[in-house]
Amino acid sequence: SQQGEEDPQALSIQEGENATMNCSYKTSINNLQWYRQNSGRGLVHLILIRSNEREKHSGRLRVTLDTSKKSSSLLITASRAADTASYFCATRTTSGTYKYIFGTGTRLKVLA
Amino acid sequence: DVKVTQSSRYLVKRTGEKVFLECVQDMDHENMFWYRQDPGLGLRLIYFSYDVKMKEKGDIPEGYSVSREKKERFSLILESASTNQTSMYLCASSSISGRETQYFGPGTRLLVL
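Just so you know, the sequences run in chain order A and B.
Take the first sequence: its position 52, counted from the start at 1, is 52 in this note's numbering, and no numbers get skipped.
Take the second sequence: its position 48, counted from the start at 1, is 160 in this note's numbering, and no numbers get skipped.
Be a bit skeptical, because a hint or two may be false.
[Stated by the list, open to error] Quick list of the computed label-pair ranges, beta carbon to beta carbon:
#1 B/E184 with A/S58: 25 to 35 Å
#2 A/S39 with B/S179: 40 to 50 Å
#3 A/L75 with B/S119: 32 to 42 Å
#4 B/R126 with A/H57: 28 to 38 Å
#5 B/I208 with A/S58: 15 to 25 Å
#6 B/K130 with A/E55: 42 to 52 Å
[Said to hold, decoys possible] Derived DSSO-like pairs (lysine-lysine); straight-line CA-CA distance at most 27 Å:
#7 B/K169 with A/K26
#8 B/K165 with A/K99
#9 B/K167 with B/K130
#10 B/K182 with A/K26
#11 B/K167 with A/K56
Hints in this document: simulated from the structure, not taken from any laboratory.
Every residue gets a Cβ at the ideal spot worked out from N, C-alpha and C, and that includes glycine.
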């Protein structure tokens, strides 16, 4: 089945630096979402980008989508220790159902 | 605020036991989902439901069944628990008329001995 792949698997940066995570997928999508998961907790929705959009911003988050390359990136600017978490992309295919495929995640550690 | 609750945070069961995981959402969402999360594998969809009494298999339904008798409640059943079902189980819900955001519960960490 389609599987999103995040890259890198793990990322460690200093507070104040920017963090970039990438997601690749295999089939045509309706939309792509990014979620954050703090250790041992449920996921929290961050941002959604539709297949006809190329870039979206929300606060310190910037998401890009390149449907020709089947990839997306999540940029977190001016990172904080509280951004330490795992980040997942999730895609909904164009098949018409509300089934989402999640990637394997990027573990981000922001050092104070 | 949308709230998705799961019946237990931690659960320890023995091999062969029947296990029920309950999920309740309070936002009248049509869609509900059960995922399991394992290190290095991300989230994998077990089952989802788009209406009362309706269900569809996800990517890994073997060994699981589900029940949705009421719109707000979606139950995951492990008919005969096995050690390879030790995992974190996450429930989520979403609205078909909303922004497709999935709202997740806190998760149930299940250990099968």
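Any hints from earlier that this structure breaks? Give me their numbers in increasing order, please. 2, 4, 10 and 11
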